[in-house]
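J.: Please arrange chains B, V and Z with the ligands on chain F, whose structure you already have, making use of the hints.
Residue numbers (my numbering), protein chains in the order written: chain F, 1 to 368; chain B, 369 to 478; chain V, 479 to 1099; chain Z, 1100 to 1307.
Rather than coming from a laboratory, the hints here were simulated on the basis of the structure. Small disclaimer: the values here were computed from a predicted structure and weren't measured. Don't be surprised by glycine CBs; every beta carbon is placed ideally from N, CA and C.
Here are the simulated PhoX-like cross-link-like pairs (lysine-lysine), alpha carbons at most 20 Å apart as the crow flies:
no., chain 1, residue 1, chain 2, residue 2
1, Z, 1198, B, 394
2, F, 364, F, 245
3, B, 387, Z, 1198
4, B, 388, Z, 1198
5, F, 364, F, 243
Computed spacing ranges between beta-carbons, pair by pair:
no., chain 1, residue 1, chain 2, residue 2, range
6, V, 1075, F, 331, 55 to 65 Å
7, V, 783, Z, 1153, 13 to 23 Å
8, F, 177, V, 521, 32 to 42 Å
9, Z, 1211, F, 177, 35 to 45 Å
10, V, 930, F, 257, 31 to 41 Å
11, V, 521, F, 276, 52 to 62 Å
12, F, 177, V, 950, 46 to 56 Å
13, V, 892, F, 86, 29 to 39 Å
14, F, 86, V, 975, 15 to 25 Å
15, Z, 1121, F, 89, 31 to 41 Å
16, V, 767, Z, 1121, 26 to 36 Å
17, Z, 1108, B, 405, 34 to 44 Å
18, V, 950, F, 124, 57 to 67 Å
Interface residues of chain Z toward chain B, partial, derived using beta-carbon atoms under 7 Å:
no., residue
19, 1143
20, 1171
21, 1178
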Amino acid sequence: MRKRLTKWRLLSLFAALTLVLAGCGEPFLSTLQPAGEVADMQYDLMVLSTLIMVVVIAVVTVIFIYVVVKFRRRKGEENNIPVQVEGNHKLEIIWTVIPILLLLVLTVPVVSATFKLADVDAIEDKNRKPEDAIVVNVRANLYWWEFEYADYGVVTSQELVVPTDEKVYFNLESNQDEVKHSFWIPSIGGKMDTNVDSNIEKGTNVNQMWLKFDSKRADQAGEYFYGKCAELCGPSHALMDFKVKAISRDEFDQWISEMENSKAVATTDLAKQGEQLFEEKGCISCHAVTPMDERPAAARTAPNLATFGERSTVAGVLKHNEESIRNWLKDPEAYKPANKMTGTYPKLNDEELDALTEYLMGLKVTSN
Amino acid sequence: MANNHNSTNPKVDLVYRRKKNAEEMKHQVITFGMMIFLTIVAFIAVGYDGIGEWFKVPFIITLAVIQVIFQLYYFMHMSHKGHEMSALFLFSGVFVAALTVLAFTTIIWW
Amino acid sequence: MSTLTQKKGVGAVLWDYLTTVDHKKIAILYLIAGGFFFLVGGLEALLIRIQLAIPNNDFVSAGVYNEILTMHGTTMIFLAAMPLLFALMNAVVPLQIGARDVAFPFLNSLGFWLFFFGGVFLNLSWFLGGAPDAGWTSYASLAIQSEGHGVDFYLLGLQVSGLGTLIAGINFLATIINMRAPGMTYMRMPLFTWTTFVASALILFAFPALTVGLALLMFDRLFGTAFFDAGLGGNTVIYEHLFWIFGHPEVYILVLPAFGIFSDILPVFSRKRLFGYSSMVFATVLIGFLGFMVWAHHMFTTGLGPIANAIFAVATMAIAVPTGIKIFNWLFTIWGGSIKFTSPMLWSVAFIPSFVMGGVTGVMLAAAAADYQYHDTYFVVAHFHYVIVGGVVFSLFAGTVYWWPKMFGKMLNEFLNKVTFVLFFIGFHLTFFIQHFLGLWGMPRRIFTFLPGQGLDMANFVSTVGAFFMAAATIILLINIIYTSIKGEKVGDDPWGDGRTLEWAVASPPAEYNFKQTPLVRGLDALWVEKMAGNKGMTPAEPLGDIHMPNGSILPFIMSLGLFVASFGLLYREDYGWAFPLIIVGFIITFGAMFFRSIIDDHGYHIHKEDLLKEEKGGKA
Amino acid sequence: MANVEDKLTAENFPASPEKATLEGKNKFTGFWLFLGGETVLFASLFATFLALRESSAGGATTQELFDIPLTFAATMLLLTSSLTSVYAMYHMKNFNFGKMQLWMIITVLLGLGFLILEIYEFNHYVHHFEFTITSSALGSAFYTLVGTHGMHVAFGLLWITTLIVRNARRGLSLYNAPKYYVASLYWHFIDVVWVFIFTIVYLMGMVG
Ligand code: HEA
Ligand code: HEA
Ligand code: CUA
Ligand SMILES: [Cu+2]
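Isolated chain F (complex conformation) (with noise of 0.2 Å):
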């Protein structure tokens, strides 16, 4: 045992040590591995400046080693006084020029990117139809995100589904009352904040980017690209995570046209009893469980299940299993600190969890 134990974290550290060789963490989590045109975008931006860095530093330490070398005090030199020299202009301007023209390398492509990437006419576009442009209003939560198609009236949480090779267009949004958070998915691109009181349904203040997902790349990262939460934004902000799924325009059409079509329906006994419970217990005043909550978005306080038994996450977080929805049914506290669920309905015994379990497991969309 104990040796099968030291066997296997040699190995997790030799897999980690080659992960920190080939320096490019994991693919669905690393902007080093782009899989979309925004990441392509950032991450030649982000090679660009570091080949210029590492000229600058390569210049630098080459002087600096000459230097700190050959002009060592040796012995008998003791009192040597070196001429005091003032200063040289030829040298200072190269100094002064050269930095500049690596900057101005620098700067072009990156006042082109930042435009480029600022560029979501698409969204305001009048005549925009549905499929032309798929919009994803994006809510972020305590420690809760909710994505909301619009076009669609289709509602989901924690899991974004996007089609791929195509723009998709985001708004972002935070309640009033609520904290800032920030949107990012790192292998796909950068990150934009949800500030407070941006509200789409009131047009004010609202955040706006585009992504573009890689249908290949998508393919070789695994079924989810991870996203997360990049602003404090209290102490379960650490735990804000959400999972993408992108699939090509027809398995995301079809999949709008399921989650359009869904009902949730219990099927085994417990399932019932739990759909029962999910009732009294108050769980519905706060949860949804079909795509198309008709709430008005700042009554929807919590994430949409509709999905549910499909995740790969409970609460974002854990393992997709039956204990952990047990778990966090119990107490949610203990794995997200000040989580808004906590303490909200009344407490629940072994069978009510067994039952709630059963019908949350059973909570799908898809036919398959």
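T.: Below, chains B, V and Z with the ligands alone, put in the same frame as chain F:
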């Protein structure tokens, strides 16, 4: 250092200084008159409906700036020598101030 | 008055320090207080690193982690780095310009005590219901939602200590403008004096923005105003701007004096005058100037729009140019020199490549479109620790060791110094280099834990190991200080042998009046000029005469205490009945002390010529 | 260096008494530096006000609140007090202590008048428009900016009054001349700020 007057006869010097001070005071009163005038113009411009609205804001701000320059250079003696450092630091402050106001009236997000 | 250093009782010494207006003693106060806060901030850093050593660690809870993180950043910046720099400035700058004193000895002391009480107030939060937990930036939306009094401690504590900083800044400016010795023109001032000058100017113009930002947030939290309450038309982005209008200049307030320290040390130990003195001065001023035009680079992802982002990106990158000028000037200062690797010199040369690494990542961050990826990740954490630790902390170590004999009359043990250096240098790179990659691999900053399986485990562990090297180094320095104060031998005026600037022309430690006769300055590196001319010391610019000295006073301490008391009242205004009277009591103490200060004439006293002569004959060997 | 204890007469009184001693010179320099900082302080408040000047959250707007005669009266009081403090400095240079004190007293009275008007104005807003510091972001920004200025006025009044009373029986010296001078600089600065307040807050607020 205390004796800044170079003249050998302090009495003559005193008369001269008195005269100079009085003259300066006259300038100050004139300055004051101008400031009052500028103020009245600004108030009238705002109270008067005939003038184009777009014109009012830049106009009254210009008046305010002129008036403040009077304050600084005459009332606060910045026109006198020995105020190089005062001017340097005041204008550095004004520079930061201008940047701040500019930013808050343009890029603060709505 | 106490000219002679007699043996005094503890009480007398304590009273002496509580009432002192002598810049050299205030320097020691800053050194002790700043050093203490550095240990506190370092301890918090260790807790951070322990928590992040392995995934899913539960060494501290999420809420407590946020408190530690906030207090680490706040303590290090406001209560450790800046005060420690003030310690060196107070100890050295008046000497460097040949002054007997600072322009406002009384305010100098007031500045210290305000800082001190503000810092104590802030740290008392640990024992009074929890520390602030909204990050050192304390962004409005989170800070307003934050429960308990943590953030109130932050706001009031920083307000009080910020006032002290502002006063200190004005004092240094006026000192340098008015108190220079004859012949000490601006273009003959040592670089440390120059950088103190520019950094103080930055303090003067940056801190008011912080004062306003903190005040507005405080009003929102304590009195229910609506600056940042979106429901009533407020806007939290205003706070971000105000904070960074202060916050960016702040980082140059830290690093410019550091540059000055290195600019003074490098010539001494390579026995060569500073290469390109005038361009160094120019670069310092330019950095200060540009420092005010780049703040929004901390807000690229706030959504200011591409025009603002592009402008601020380009402006930010421009700062690389004057900084580069400095780097190359330093390299060419040692080029052709005769380098002696004392420990201050080791810190100084090690600074050059370390800081460049941090600086160039700064330029990478300035690339707005790419910053959307870096922002709020460990890449940023790596950047700023490289510049702050590799620049500022290195300079603090270098400067402290370098000027220690001047401040205390004893030399720290060089062997132990070098051990400290080696351990710290290794630990520093070990800790922070790998954090660049953590950021790029997708690790956000300010997270209390991370999950396994995201490829972050190993690098975080390495980073933690590095922190312990730095801790070991710091402990060895502490041992060195204790050892030296017991065993160290007294040293003369110029213990390093190659001193170039005026502080090395007076005794170690200097007499309370610094210069018996104000020196006549005949060039850059005033003392070196005299040495090269074959003179033994400085030529006096005036005959020996009575020396005017300011009186000590307890009022600065009392004024600061009053604000400290009033702060508690404000904090607990709604919780306890005694709080409101406490506000009034506090303000009465402060304003009362101010009132007394203004109605009691204080003409100081004179040290008479005869006593000076007597001392010369008898007192000293 | 001029000795502080020297007997002063109109003849030997220096032309720039505020800078005749090193202490005076330091005070003079330091105070100007302080004003540079104050500029940024007020700029931050102005900037905040400008960003929030339309955020009335359904409550009273600037157009509804402000009223020209009141602001004009306040402005005149403060501007005039600036002139009277110039008179005081004029008499200081002429070593005429009595007149200097007199003009300083007039300055204080005018300043007091300004402050009373301001208090009346705030009171009016609170009671007639229910416009308070907590009622909207505009209210917060308005009261904080104008109130900070008002606090400066109040502090200046206390300061100058203390000076007048404390030195009433001692006459003018090189020890207190810089204090008077600096106090009058402060007073002018308050006036400078007010010029921007009446322009940017009140006049621009009326224009809309
Ligand atoms: C001492 C402190 C210090 C210093 C000196 C600097 C220096 C610089 N900083 Fe840094 N910075 C911080 C402290 C500091 N910073 C802190 C604390 C934060 C985070 C705050 C927070 O969010 O909590 C931060 C964050 C920060 C950001 C925001 C990142 C983000 O949050 O997304 C940016 C973006 O532009 C930035 C840029 C720069 C630049 C361009 C410089 C430049 O001044 C660097 C210039 C130096 C060089 C470039 C090296 C030498 C030059 C040459 C050898 C010449 C040739 C070089 C080239 C051609 C490139 N910094
Ligand atoms: C001057 C500034 C300064 C300095 C010197 C440091 C020094 C260090 N910092 Fe700090 N840091 C900041 C300023 C600074 N930091 C800021 C502004 C932030 C951002 C905060 C925020 O996000 O709001 C930050 C954030 C920050 C983080 C990111 C946390 C997060 O985002 O979640 C980390 C993580 O590794 C870290 C680590 C360290 C380490 C290991 C050191 C080491 O160099 C420390 C070395 C010193 C020691 C180890 C001291 C040893 C002490 C002892 C041995 C105790 C002995 C005790 C007694 C005798 C009583 N810092
Ligand atoms: Cu949400 Cu961090
Ligand atoms: Cu910055």
